[in-house]
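Trainee: The listed protein sequences derive, respectively, from chains A and B. Its first residue numbered 487, the first sequence is counted upward by one per residue in the numbering used here. Its first residue numbered 487, the second sequence is counted upward by one per residue in the numbering used here.
These aren't lab readings, by the way, just hints derived from the structure by calculation. Please note that a few of the clues may not be correct.
Pairs involving identical chains hold if they fit within one copy or between any two copies, as the list cannot separate such chains.
[Stated by the list, open to error] Straight-line Cα separation of at most 25 Å, SDA-like style, residue types lysine to any residue; simulated pairs:
1) K601 <-> Y569
2) K509 <-> Y597
3) K537 <-> T624
4) K537 <-> P512
5) K537 <-> T595
6) K509 <-> R599
7) K537 <-> I580
8) K490 <-> L608
9) K601 <-> R668
10) K537 <-> L607
11) K493 <-> V627
12) K509 <-> V541
13) K509 <-> A539
14) K509 <-> D592
15) K493 <-> D557
16) K601 <-> H581
17) K493 <-> P527
18) K509 <-> T595
19) K509 <-> R596
2 protein chains.
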Amino acid sequence: VAEKKIKTRERIVLVSLELFNDKGEPNITTIDISNELEISPGNLYYHYQGKEAIVNELFARFEAEMQALLDSPLRKTLGLAEYWVYLQVIYECIHRYRFLYRDLADLLTRYHRLKNRFNLLLSRMVRVCTETCEEMVTAGVMDAHPNEIEALAENMVMTMTYWYGFQVIRSRQSHPEADIDRAIYLTVALVAPYLHETQRNFLQDAADLYKNGLLDQP
Amino acid sequence: VAEKKIKTRERIVLVSLELFNDKGEPNITTIDISNELEISPGNLYYHYQGKEAIVNELFARFEAEMQALLDSPLRKTLGLAEYWVYLQVIYECIHRYRFLYRDLADLLTRYHRLKNRFNLLLSRMVRVCTETCEEMVTAGVMDAHPNEIEALAENMVMTMTYWYGFQVIRSRQSHPEADIDRAIYLTVALVAPYLHETQRNFLQDAADLYKNGLLDQP
Chain A
487 VAEKKIKTRE RIVLVSLELF NDKGEPNITT IDISNELEIS PGNLYYHYQG KEAIVNELFA
547 RFEAEMQALL DSPLRKTLGL AEYWVYLQVI YECIHRYRFL YRDLADLLTR YHRLKNRFNL
607 LLSRMVRVCT ETCEEMVTAG VMDAHPNEIE ALAENMVMTM TYWYGFQVIR SRQSHPEADI
667 DRAIYLTVAL VAPYLHETQR NFLQDAADLY KNGLLDQP
Chain B
487 VAEKKIKTRE RIVLVSLELF NDKGEPNITT IDISNELEIS PGNLYYHYQG KEAIVNELFA
547 RFEAEMQALL DSPLRKTLGL AEYWVYLQVI YECIHRYRFL YRDLADLLTR YHRLKNRFNL
607 LLSRMVRVCT ETCEEMVTAG VMDAHPNEIE ALAENMVMTM TYWYGFQVIR SRQSHPEADI
667 DRAIYLTVAL VAPYLHETQR NFLQDAADLY KNGLLDQP
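Pulled out of the complex, with its shape left as it was, chain A reads as follows (with noise of 0.2 Å):
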């Protein structure tokens, strides 16, 4: 029985997800998610009381899987092309969790304990930036004044925080899938101005390996 219990304790978060990444997180009501199971609206209570508990404990894990992402000591030998992969997996965790990014302002208003806990991300997240372009100034492949590492950062971390709201709002449909290859590329774009001699031909590589993305823009 405890672990039929764990087990739909489990499913409820990852239908939760599912449905909120589709439909958008304000569409979705627990009575979709027990639909959805097809279990009771009262078993579902038993396991989350009400929608709230079930995007905290979402939140939770989109938290605690970036803040290892973000505390990754692997980031400090990375060469260029793991620069790269470290990017894309970065972006692969806010893809998982893009509910979260659809209409941010709007979720932290409705969540508002959420607020604090989302701007802790994003300071680290400016912080990473900041020192991984430090770290390329250091490793010899970038040349960048600590003032455009600055502005570099904060830029970086805008891209990463509204990519998919963009999405969301210059297309016609309301959920588009994530290109989120697209959103690595335009990251991208702003590092490698700055890059060392390689500068073109890397952006030049970026639009060939990411090319779905850029041919499947309108």
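Using the hints provided, position chain B relative to the given structure of chain A.
Mentor: Relative to chain A, chain B alone:
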């Protein structure tokens, strides 16, 4: 009488804009507006049949002002410093109607008729940024490939569109003063690395000119 009617109509629009910008449009009712104007709700209703009509009027004004700026033939003959002023004028327009940008996704969901019109403005902004960069390349002040300009233009418009919302989220207050100097600085920082020679000096000048924006940051 006709003159007084026009005056009241205009006062309603201006006071609504001020309240929307200061407190956030979702937090303001037509009662708040009539109270602020010291007129009766009936008198307000005589001029505008509900808040949506006022939002529509304000959006139409924003749209007309932004269109006029984006269509400005003057920018064809701009030097580097004037491009900067041009960017400032665009940000001042955004700042005048900043309530639209506070939570754009939510606004365009609630007033869904505005979505296509806002998207047309966004597309027009991307095109103007693209053309401006192309002009700078032709004028020999910028060195950038078409691929790079395409990504740069999209990143510029994302910064313009989300800077204010990003401030609202990151601030402890709900309605921080928009620090457009900082927004201009971050937008110039996107372009600066593609500028010839003057690159470093240009950004350094920016840092000096827009020092207040920088110093006011937490």
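Trainee: Which hints, by number, does the structure contradict?
Mentor: Going through the list in order, the structure violates hints 1, 3, 8, 11 and 15 and respects the others.
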